[in-house]
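In full-length UniProt numbering, the protein residues as written are 1 to 225.
Any given hint might turn out to be false.
[What the hints assert, rightly or not] Pairs of lysine to any residue, SDA-like flavour, derived with a Cα cap of 20 angstroms:
{"#": "1", "residue 1": "65", "residue 2": "49"}
{"#": "2", "residue 1": "31", "residue 2": "44"}
{"#": "3", "residue 1": "158", "residue 2": "212"}
{"#": "4", "residue 1": "65", "residue 2": "51"}
{"#": "5", "residue 1": "65", "residue 2": "95"}
{"#": "6", "residue 1": "65", "residue 2": "132"}
{"#": "7", "residue 1": "158", "residue 2": "117"}
{"#": "8", "residue 1": "65", "residue 2": "35"}
[As the list claims (entries may be wrong)] What follows is a list of derived Cβ distance ranges for each label pair:
{"#": "9", "residue 1": "213", "residue 2": "130", "range": "51 to 61 angstroms"}
{"#": "10", "residue 1": "67", "residue 2": "169", "range": "23 to 33 angstroms"}
{"#": "11", "residue 1": "115", "residue 2": "64", "range": "25 to 35 angstroms"}
{"#": "12", "residue 1": "99", "residue 2": "209", "range": "35 to 45 angstroms"}
{"#": "13", "residue 1": "45", "residue 2": "67", "range": "21 to 31 angstroms"}
Hints listed in this document are in silico derivations from the structure and should not be mistaken for laboratory results. Every residue, glycine too, gets a C-beta built ideally from N, C-alpha and C.
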Amino acid sequence: MKRSVRLLSKKCEHCPRGYYQHRSGRPRCHKCPHGYTTLNTGSLHITECVVECSAGHFLNEITGKCEPCGYLAYQPNPGSRNCLPCPHNTVTLSINSTLIDQCIGNCPAGEEHSSDGSCVPCQRGFFKEPNDVLCRPCDPAYITESVGSDEIGSNSCKRCPSGTTTRILGATSIETCVSTNQCASGEHSCHWLAACIDLPDKENRPTYSCRCQPGFVGNGFTCTG
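Go ahead and model the full structure; you've got the sequences and the hints to work with.
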């Protein structure tokens, strides 16, 4: 691939990162606009100037935007197109770390790092598996009844009884499990002159509709003759 060069002490050299030159035989290169750089040396056109991401971030070449390295990587240099992975089984406490020294040992299952770097149990309603970095809320229809849960669906995030689910993520007691058929259980708000019609659940959340009985009008929650 043809690369741009500059004349330095009668010797041609590639334009450094952050510079470009589209013409041959020129004594100097053009600097990218403020806040922009190039991903390589020897750039030819201003179109090769991209946003200069700060340390701890990388350039997403698809979107053209800077993104943080995340909890499993770091990047000490600004203007990078990728991040450097932390050593095996280590994580960072922030998503924009800049030094390998910020990679620390991951907490065991059921625990996550606090702001001071110590490991603390997941709070009730949350769990963390061995390869996770942070505790996550239990999915709908699952609950935890103690702290430090380490595996969904086992003795940590327990599934609600058959035919029931939870209305929220991170539920903490079996009392939060509600029937998926609110018409049959009576857990609905239909008017007494309306029929309750059970509908398919949406994202594990029970749904139903109300229809006024023949001879009455309304939205099902209120019906009049």
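How the hints compare with the structure:
1. 65 / 49: holds, 13 angstroms
2. 31 / 44: Distance ~11 angstroms between residue 31 and residue 44 Cα, so the pair holds.
3. 158 / 212: Violated: residue 158 and residue 212 sit about 38 angstroms apart, past 20 angstroms.
4. 65 / 51: Satisfied, since the Cα-Cα distance of roughly 7 angstroms is no more than 20 angstroms.
5. 65 / 95: holds, 16 angstroms
6. 65 / 132: violated, 26 angstroms
7. 158 / 117: Violated, at roughly 29 angstroms.
8. 65 / 35: Status holds; Cα separation ~13 angstroms.
9. 213 / 130: 51 to 61 angstroms: Between residue 213 and residue 130, where Cβ atoms are some 56 angstroms apart, the hint holds.
10. 67 / 169: 23 to 33 angstroms: The hinted range 23 to 33 angstroms holds for residue 67 and residue 169, with Cβ atoms some 25 angstroms apart.
11. 115 / 64: 25 to 35 angstroms: Since residue 115 and residue 64 have Cβ atoms about 33 angstroms apart, the given range 25 to 35 angstroms holds.
12. 99 / 209: 35 to 45 angstroms: violated, 57 angstroms
13. 45 / 67: 21 to 31 angstroms: Distance hint for residue 45, residue 67 holds at roughly 25 angstroms.
Of the numbered hints stated above, those contradicted by the structure are hints 3, 6, 7, 12, listed in ascending order.
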